[in-house]
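Asks: I would like the entire structure built from these sequences, with the hints used as guidance.
Taken in sequence, the protein lines are chains A and G.
With the numbering used here as the guide, the letters of the first sequence map in order to residues 948 to 1068.
With the numbering used here as the guide, the letters of the second sequence map in order to residues 205 to 380.
Hints are computed from structural coordinates only; laboratory data are not their basis.
Do not rely on the hints blindly, as some may be mistaken.
To be verified - Simulated pairs of lysine to aspartate or glutamate, EDC-like, Cα-Cα distance not exceeding 16 angstroms:
id, chain 1, residue 1, chain 2, residue 2
1, A, LYS1009, G, ASP348
2, A, LYS998, A, GLU951
3, G, LYS292, G, ASP350
4, A, LYS1009, A, GLU999
5, A, LYS1015, G, ASP339
6, A, LYS1002, G, ASP348
7, A, LYS1009, G, ASP350
8, A, LYS1009, G, ASP339
9, G, LYS292, G, ASP339
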Amino acid sequence: MPKESAHQTQWYSNGLILDDLVNANRFPDWITIAAFYKALHSIERLLARHKEHPKSHAERRKILSQTKYQTLLTAQIVTDYFDMYNASLDARYECIIPTTTDVNDQLARLARIDAKVASIP
Amino acid sequence: MIKKWTDDQEKQIRLSKLSFAGTAPLADFSPRSRQLPLQPLMPRTRLAKKQKYEFEEVDTPIGRVIRASILLGATSSTTETPAMVVLKSLVDALENLRLLEAIYGYVEGNTSKVVAIADDLSSVQRDAIWRVNLDFQRRYPNIDVDIRILQRRGRALSDVYEDDGSAVIAREHALV
Chain A
948 MPKESAHQTQ WYSNGLILDD LVNANRFPDW ITIAAFYKAL HSIERLLARH KEHPKSHAER
1008 RKILSQTKYQ TLLTAQIVTD YFDMYNASLD ARYECIIPTT TDVNDQLARL ARIDAKVASI
1068 P
Chain G
205 MIKKWTDDQE KQIRLSKLSF AGTAPLADFS PRSRQLPLQP LMPRTRLAKK QKYEFEEVDT
265 PIGRVIRASI LLGATSSTTE TPAMVVLKSL VDALENLRLL EAIYGYVEGN TSKVVAIADD
325 LSSVQRDAIW RVNLDFQRRY PNIDVDIRIL QRRGRALSDV YEDDGSAVIA REHALV
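Replies: Written out as structure tokens, the structure reads:
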């Protein structure tokens, strides 16, 4: 199972792809998806630190729903993650092209998640 | 102009029979602006009394699932699993938000899953739904509680979610 450092590396790599897509101002669906996967590895960095290694999205959802993580991250951050995941499903499988508002929402949620995880020692 | 419903929508209207219950006023949320005109999914009806659920086990392409249907005034005689109890409570909680046009739910083993459908929701409105998911998952750690939000964005319901044999809890959102 990946260590915290591996998730950090993946988080950084996903961020590079996301930056390229945002700068190109194209493919809002892939911006949405890349943003979600960056957030996922941000969360995974924290979970790995606490010896948690979810094997599925469902398992990750259960872990994040625990009072411990709602307290550590705040309920807003956990709902941010849930919404980002939902948006990525829309982009990947429902052929929904995100609007500018959707993309801005997704990036705002990512920024909050990254900031919160970075602030936790 | 009278809107013609698709076969699926006709089926859902017959299945649900009446709109969902509740006497509280609609929550004061303002929907986001849309490019397409709002298309009501189902005819407007008066609010009805609380409806009871009837469950049956059926074999579907995704496995043996519990199909939920609405029977006004009926009481369920089916033995309820914990996941079914959670599902009904979850649907009630989501209905109380007064944000959704339709709610589809099913139980499979220890999974209680809801597909929540609305035309368009703001991020604040979606957060209200995610907090319900959080709350229920925390309260029932042995059940996999999963909510999926699908936004129609002006599309017909049949384009958004097809009944592939999964259990359905269909609700009509009484628009004011």
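Asks: Look at each hint and say if it fits the structure.
Replies: Now the hints, each set against the structure:
| no. | hint | result |
| --- | --- | --- |
| 1 | A:LYS1009 <-> G:ASP348 | holds, 7 angstroms |
| 2 | A:LYS998 <-> A:GLU951 | holds, 9 angstroms |
| 3 | G:LYS292 <-> G:ASP350 | holds, 13 angstroms |
| 4 | A:LYS1009 <-> A:GLU999 | holds, 11 angstroms |
| 5 | A:LYS1015 <-> G:ASP339 | holds, 13 angstroms |
| 6 | A:LYS1002 <-> G:ASP348 | holds, 14 angstroms |
| 7 | A:LYS1009 <-> G:ASP350 | holds, 9 angstroms |
| 8 | A:LYS1009 <-> G:ASP339 | holds, 11 angstroms |
| 9 | G:LYS292 <-> G:ASP339 | holds, 15 angstroms |
The structure agrees with every numbered hint stated previously.
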